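Trainee: Spelled out, the chains give:
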Amino acid sequence: MTCEEARRVIGAEPNTSSRELAEHVQGCAACAEFQLEMLALDANIRRALEEPPVGTRFRRRVTSRPRWALAASVLVGILGVLVVWALRVENSLAHEVVAHVIEEPQSWTPTDPASQAEVAEVLRKSGLLLEAAPYEVMYARSCWFRGHFVPHLVVRTAHGLATVLILRDENIGTRETFHEDGLFGVLVPSAHGSIAVLAADGAQLDDLAARMQIAVRPMGNAAAAG
Amino acid sequence: MRNYPSEVPVSSAGASKAAAGADLRVSSLFEAMRADLLRFAMWLTRDRALAEDVVQEALLRAWRSRDALKDPACARAWLLTIVRREHARLYERKRLEIVSLNEALEKEAGAFVSRDDSDINALRSAIFQLPIEYREPLTMQVLGGFSVDEIAGELNLSASAVLTRLFRARNKLRTLYGLSAVADGLCGEVPP
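First to last, the sequence lines map onto chains A and B. Just so you know, we're using the numbering used here here: the first sequence kicks off at 1 and counts up by one. Just so you know, we're using the numbering used here here: the second sequence kicks off at 1 and counts up by one.
There may be inaccurate statements among the hints.
Unchecked claim - A short list of chain A residues far from chain B (calculated; beta carbon distances all over 10 Å):
#1 Arg19
#2 Gln116
#3 Lys125
#4 Tyr135
#5 Thr174
Claimed, not checked - No farther apart than 20 Å at their CA atoms in a straight line, the calculated lysine to any residue pairs in the SDA-like style are these:
#6 B/Lys172 with A/Glu4
#7 B/Lys172 with A/Ala191
#8 A/Lys125 with A/Asp207
#9 B/Lys172 with A/Val9
#10 B/Lys172 with A/Arg46
Simulated from the structure, these hints should not be mistaken for laboratory data. In this text, all values refer to a predicted model and were calculated from it rather than measured experimentally. The beta carbon of each residue, even a glycine, is placed where N, CA and C say it ideally should be.
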């Protein structure tokens with residue numbers, strides 16, 4: 001390999017590492033220096049390109065939702081109607097619970113446990129308390145669901161992660177189970193609305209639901225006001 | 001740990017529900033990629049409004065072809081390719097109004113305000129001024145992570161031609177840093 005050939009290769013792909021080039025660079029100080037220069041330049045090119053040219057100053061044009069999103073939402077809507085028709089779904093609450101969980105993918109892979117303060121704040125927004133959480137809470141968020149903010153928790157159990165939605169404003173008569181989109185779930189009535197528990201493994205849903213029924217309490221008026 | 005396996009019920013109704021769930025996931029995936037796509041399109045078009053149009057059309061096209069996306073891990077490269085093709089189509093469909101480079105730079109000046117590094121800012125301006133035949137493969141390689149062969153396939157060029165363009169793009173940018181440009185004794189691009 002000649003110097004000209006080496007520089008052409010390095011100039012086009014500074015990170016390239018063919019054996020032929022490596023051998024040439026090892027024996028050619030000038031080409032070795034050239035490669036170092038190009039690697040440094042390339043790092044800066046990357047920085048220049050990666051920094052969003054529009055950054056925070058990007059002006060979103062005043063339009064309605066993008067067309068692809070509209071198409072997507074229309075299709076999802078149509079599929080939803082078909083699904084409801086096909087299954088004659090009586091338990092639309094379960095379906096909406098599943099849809100809500102699917103639409104919140106960041107809850108699927110929590111990395112750090114939620115702090116007690118975070119969990120308390122999420123429950124406080126719904127006028128609730130969690131007394132002695134039965135499992136470690138990995139994710140806690142107050143979510144808008146059927147016209148109300150509801151606590152959306154993900155807890156780590158011996159069988160893996162499980163999602164808990166505390167539905168204070170959804171009253172159901174009896175325990176109901178469901179299996180949808182690969183999720184097992186149970187809806188149980190509680191003294192304060194109902195509780196939905198979902199997980200990939202249906203083994204211990206009832207146990208978790210029972211523990212949550214006991215642990216969740218309404219706040220006192222004074223506390224709720226605070 | 002992912003909480004939701006991909007197993008779906010086998011009934012036709014179950015399949016419909018699974019499809020709805022899959023569509024929701026694809027929709028979320030597209031939305032998550034939108035910023036990356038806009039950045040890429042911006043470097044191709046040099047016009048933020050045009051970049052938005054390109055991305056919007058590309059996402060619409062991607063949505064219609066979403067079944068072709070078998071592996072979500074490939075979504076980024078897949079979508080970047082669609083954006084690039086949409087940008088190319090835009091040029092095929094209509095002759096774009098030609099604006100002077102100075103005008104374009106002035107128009108987008110706010111987009112190139114560097115927070116803390118004047119060198120990077122200068123480099124960004126220099127990339128912005130590169131002709132499309134150099135800017136496109138460079139952006140695809142550095143920002144998109146495409147290999148030379150992939151770029152060659154996309155641009156319908158030979159690998160040798162792509163290497164030449166990448167070399168020349170970087171050679172032009174070298175001078176910005178006070179580095180001497182390498183003698184370009186290349187024989188020109190080999191037609192695909």
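Trainee: It remains to establish, for every hint, whether it holds in the given structure.
Mentor: Hints, one by one, checked against the model:
1. Even its closest Cβ contact with chain B, about 17 Å, leaves arginine 19 of chain A beyond 10 Å, as expected for a residue assigned away from the interface.
2. No Cβ of chain B comes within 10 Å of the Cβ of glutamine 116 of chain A; the nearest lies about 22 Å off, and the non-interface call holds.
3. No beta-carbon of chain B is positioned within 10 Å of the beta-carbon of lysine 125 of chain A; the least distance is around 24 Å.
4. Tyrosine 135 of chain A, annotated as away from the interface, keeps every beta carbon of chain B farther than 10 Å; the closest lies near 14 Å.
5. The non-interface label for threonine 174 of chain A is consistent with chain B: the shortest C-beta to C-beta separation is roughly 23 Å, beyond 10 Å.
6. Only pairs whose Cα atoms come within 20 Å are accepted, and lysine 172 of chain B paired with glutamate 4 of chain A is accepted, the gap being roughly 17 Å.
7. Among the hinted pairs, lysine 172 of chain B with alanine 191 of chain A is inconsistent with the structure: their alpha-carbon atoms are about 72 Å apart, more than 20 Å.
8. As the CA atoms of lysine 125 of chain A and aspartate 207 of chain A are separated by approximately 26 Å, the hinted pair breaks the 20 Å bound.
9. Distance check on the hinted pair: lysine 172 of chain B and valine 9 of chain A sit about 16 Å apart at the alpha-carbon level, within 20 Å; holds.
10. Annotation: proposed proximity of lysine 172 of chain B to arginine 46 of chain A holds, straight-line Cα distance about 16 Å (limit 20 Å).
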